[in-house]
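**Student:** Sequence:
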Amino acid sequence: MPRPEKPRRWESSEIVVVLNYLYDNFDTWYDSPYVACAEAIMATNVKRGGSSVYGKVHNMIRIMDDYLRTGKKNSNTCDILWQNKKVRDLIKEMCYKNTERKRKDETTKNRKKSISKAITTVTTEASTTTSQIDVPQMPFSIETIDEIYNEQIKKVENLVLKSKETIETRNQEIRDLYEQISHRRSELIELIEMANNKLNDLKDFSIV
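The sequence shown begins at 13 in the numbering used here and counts up by one.
Everything labelled a hint here was simulated from the structure, so no lab data went into it.
Here are the simulated DSS-like cross-link-like pairs (lysine-lysine), alpha carbons at most 30 Å apart as the crow flies: (1) Lys114 with Lys124; (2) Lys97 with Lys109; (3) Lys84 with Lys116; (4) Lys59 with Lys98; (5) Lys109 with Lys121; (6) Lys109 with Lys85; (7) Lys104 with Lys114; (8) Lys116 with Lys104.
Keep in mind the model is a prediction, meaning the values are calculated, not measured.
Based on the provided sequences and hints, a complete structural model is requested.
**Tutor:** Now the structure itself:
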């Protein structure tokens with residue numbers, strides 16, 4: 013029975029060209045490492061499979077991460093990492109990039125949570141304020157509705173100014189509030205005109 017072939021040893025030249033490609037396209041490696049490895053194979057013409065490239069690079073990054081974290085080098089694993097300075101430097105830089113990307117992603121995630129919380133607060137306060145409008149007794153007038161409209165716009169603007177988040181991140185939410193208020197204003201104006209017309213009809217009504 014023939015013996016299974018031993019895995020072909022990686023040459024420094026192979027690893028360096030692959031690492032150079034992955035370093036230059038780090039975002040692809042971070043987001044989709046298997047896709048990045050397949051692209052690296054095509055770009056560098058190395059005679060390796062995608063799983064082989066991924067396994068080699070991933071293993072070296074893991075070993076370097078352990079070294080950077082503990083300061084202890086496991087000399088019994090991945091000799092080429094410690095023997096070739098170019099390989100070592102590229103892997104180290106990829107580790108740094110990986111750490112920085114994780115930090116930025118965490119910061120972005122926390123910022124989105126804060127923005128979402130701020131938008132919820134503004135929306136809740138605006139809705140509460142809108143529900144507490146003092147509506148005058150009929151007959152209404154367009155001027156009365158304009159006063160209510162302007163008052164609500166000022167309240168929304170004040171809520172925006174009080175928020176610590178940037179205006180850009182809440183523009184859509186604020187625009188929605190403006191549109192809701194404007195829509196309600198238009199509806200009220202139509203109702204007022206109808207009500208006043210009914211009042212005029214009632215005044216002009218006479219019994220023959």
